[in-house]
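> Respectively, the protein sequence lines represent chains A and B.
Numbered according to the working numbering, the first sequence spans residues 12 to 239.
Numbered according to the working numbering, the second sequence spans residues 459 to 691.
Since the hints were derived computationally from the structure, they do not count as laboratory data.
Heads up, a few of these hints could be off.
Residues from chain A shown here face chain B by an in silico Cβ test under 8 Å; the list is partial [what the hints assert, rightly or not]: (1) ARG16; (2) ARG20; (3) VAL25; (4) LYS27; (5) ARG34; (6) THR35; (7) ASN38; (8) GLY95; (9) ASP98; (10) ALA99; (11) TYR103; (12) ALA132; (13) GLY134; (14) ALA232; (15) HIS235; (16) GLU238.
In silico lysine to any residue, SDA-like type, Cα no more than 20 Å apart, as pairs [as the list claims (entries may be wrong)]: (17) LYS36/A with LYS519/B; (18) LYS614/B with ASN85/A; (19) LYS36/A with LEU52/A; (20) LYS614/B with VAL25/A; (21) LYS36/A with LEU553/B; (22) LYS36/A with ASN85/A; (23) LYS36/A with SER590/B; (24) LYS519/B with ARG671/B; (25) LYS614/B with ASP98/A; (26) LYS519/B with PRO190/A; (27) LYS36/A with ASP551/B; (28) LYS36/A with GLY567/B; (29) LYS614/B with ALA490/B; (30) LYS36/A with ARG593/B; (31) LYS519/B with PRO104/A; (32) LYS614/B with HIS235/A; (33) LYS36/A with ASP574/B; (34) LYS36/A with ALA490/B; (35) LYS614/B with LEU553/B; (36) LYS519/B with THR35/A; (37) LYS519/B with TRP479/B; (38) LYS614/B with ASP574/B; (39) LYS614/B with PRO104/A.
The beta carbon of each residue, even a glycine, is placed where N, CA and C say it ideally should be.
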Amino acid sequence: MSWRREWSRIRAIVWKDLTAERRTKANFNAVLFFAVLTLMLFGFAFGPDTETTRSAAAGIIWLTILFAGVLSFNRSYEQELEGGSLDALLLYPGERRSIFIGKLLANLGFVLLVEGIMVPAAGLLYQLPLGRAPGRIALVLLLGSIGFVTLGTFYAAMASRVRAREVLLPLLLFPMLIPLLLGAVQSTAALLGGDLMGNAGSWIRLLVVFDVIFIAVCLLAFDHVIEE
Amino acid sequence: MASDGPALQLSGVTRRFGNRWVLRGINFDAEAGHAVALMGRNGSGKTTLLRVISTLLRPTKGRGRIFGHELVSEAHEIREFTGYLGHHAGIYDDLTAEENLRFSLRMAGLADRDSDIARVLTEVDLLDDRYSRVRGFSAGMRRRLALGRLLLRPPKLLLLDEPYASFDQPGIDFVNRFARRIADEGGIVIIATHDLARAAATVDRVVHIEDGRLLEGTSPELSPDEHVAREVP
C-alpha cells in the first residue's frame, strides 16, 4: 500500500462529494433549514423564559447537530447507490478504508459548515455567551463532530444496502452516541457557564478518547460492512 | 505471481443470499486470450457469477484463481487488473464527463493527464460533451462514458454484464472491438448476455448458466437452446 496513492484517493473522494454537493446544494439547504427550524421549535417549546432556554441550550445545540447530521449521512451513500457507483468505487484498486476516510472528511466538512451557521444562530436565538471561551467551544464542536461523523459515516455505509436505511441509521447510530452526547453537552454547558468548577477539561478528554477508539474501530471494520 | 493451468479457474463456487442458492457449485476455466459469452435467462445467476469473479461478492463456498491470484485472499491484487461494467453505468450525475474520468484516474492511483482524458473522450465520441454534466446525458451516452472509464486503464480481466443494453449498432460494434482487443492482448473477457447474436463474432466460447449451474456449449455459432448441452464437470 502506497500512502501517497491512498492519500490521492482520499482527496479524490472528498473533492467528488463536495463538488457534487456544491453544484446541487440540495442537501446543504435542506439540512441547514432543518437545523435552524429545530432550534426555533426548541425555543418555542421552552417558552419565553430566557434562563430556562439558556440552561438547556447545550443539549439543544447538540441534539440539533445530531438530527441534522443524520440527514446528510444518508445522502452521502445515496449518491453512490443512485447510479450504481458504489460497485465501481469498491472495484478500484487500493484500500477500501480510503473510501471511508474520504467520505468521513467530506461529511465532516459538511457538518462543520452547517455548525458554522447554526451555532451562531443558536447564540442569537438563546442569547448565549459564545464569546466567553470561543476557542474551547470550537474545540468541543470539532471533537464532538469528529466522533459523531465517524460513527455516522460508518453506520451509513452499513445501512446503505438496506431498503429502510433512513429509519435504520438513527436506530443504529443514536445509542452508540450516548457517551459522546454526554461529553459534548456537559463540556459545552460548562464552557457556556464560565467553567466555574473547571470540569470542562475532563469532558473534553472523554471526547478525545471516544474519537480515538471509534476512528480505530471503524477503520478496521469498514472493509467488512461495505461488502454485500 | 505466475502459475500453471488456465488463467481463470473456479472450482465448486457457490453463493447464497439468505436461503436462496444463486450459484450451486460452479466449475469454470478460461484461458488467457479468450472471450467467453455467459448466456442465461433472467435470474439464472449470470450477474452473481460476474460479481463473484470481480471480487465484489465473496463466494459462500468454493475457490478460484485468476491470473495466479486467489479469488478471496488476494482480492486486492485481482482488482488491480479487473474492469467491470454492470447494469448501471456507475458514474456521477453531478460531475461532468471529464470530471468523471478524472475522478476515475485518481481513484485508480494514476496521473490525471488531460491528454489521456481527451483521448478516451474522443474514442467514446463524447469530446464535445466533456464539460457537460452527466445528468443531461442519454442512457447510451452514460454507457459510453462508463466504457471510457474502462478504457483509461485497460483491464486484463474484463467483465461485461449485458453490455449491449442502451447501445445503437455503432455502440455495439465499439463494445465488441474493445472486448476483442482485451482478449487479443492476452486478457480474459466474459460477456454476460441473453443476446448471443450480438456477441457471436467476438467470443471464442459460449457457456450457459441455468439455475446457478454452468452448462457448456461448443461454439458461438450454436443457438441458445443448443447450448444447454452438458454440465461443466
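> Now, for every hint given, state plainly whether the structure supports it.
Verification of the hints:
1. ARG16: Holds, because the Cβ-Cβ distance from ARG16/A to chain B comes to roughly 4 Å (cut-off 8 Å).
2. ARG20: 6 Å, holds
3. VAL25: 11 Å, violated
4. LYS27: 5 Å, holds
5. ARG34: Holds, about 5 Å.
6. THR35: 6 Å, holds
7. ASN38: 11 Å, violated
8. GLY95: 2 Å, holds
9. ASP98: This interface hint holds because 6 Å falls under the 8 Å limit.
10. ALA99: Holds. Min distance 4 Å.
11. TYR103: 4 Å, holds
12. ALA132: With a minimum Cβ separation of about 28 Å from chain B (threshold 8 Å), the hint on ALA132/A is violated.
13. GLY134: 33 Å, violated
14. ALA232: 16 Å, violated
15. HIS235: 10 Å, violated
16. GLU238: Hint on GLU238/A: holds, closest Cβ of chain B at ~7 Å, below 8 Å.
17. LYS36/A with LYS519/B: 45 Å, violated
18. LYS614/B with ASN85/A: Distance of about 35 Å is beyond 20 Å: violated.
19. LYS36/A with LEU52/A: Not satisfied, since the Cα-Cα distance of roughly 24 Å exceeds 20 Å.
20. LYS614/B with VAL25/A: 29 Å, violated
21. LYS36/A with LEU553/B: OK: LYS36/A and LEU553/B at ~14 Å, within 20 Å.
22. LYS36/A with ASN85/A: 15 Å, holds
23. LYS36/A with SER590/B: Status holds; Cα separation ~18 Å.
24. LYS519/B with ARG671/B: 14 Å, holds
25. LYS614/B with ASP98/A: Answer holds: LYS614/B to ASP98/A is near 18 Å, not above 20 Å.
26. LYS519/B with PRO190/A: 41 Å, violated
27. LYS36/A with ASP551/B: 14 Å, holds
28. LYS36/A with GLY567/B: 29 Å, violated
29. LYS614/B with ALA490/B: 9 Å, holds
30. LYS36/A with ARG593/B: Roughly 15 Å between the alpha carbons, so the hint for LYS36/A and ARG593/B holds.
31. LYS519/B with PRO104/A: 24 Å, violated
32. LYS614/B with HIS235/A: 26 Å, violated
33. LYS36/A with ASP574/B: Violated. LYS36/A to ASP574/B sits at ~31 Å, over the 20 Å cutoff.
34. LYS36/A with ALA490/B: 48 Å, violated
35. LYS614/B with LEU553/B: Violated: LYS614/B and LEU553/B sit about 28 Å apart, past 20 Å.
36. LYS519/B with THR35/A: 44 Å, violated
37. LYS519/B with TRP479/B: At roughly 11 Å apart (the allowed maximum being 20 Å), TRP479/B and LYS519/B satisfy the hint.
38. LYS614/B with ASP574/B: 19 Å, holds
39. LYS614/B with PRO104/A: 13 Å, holds
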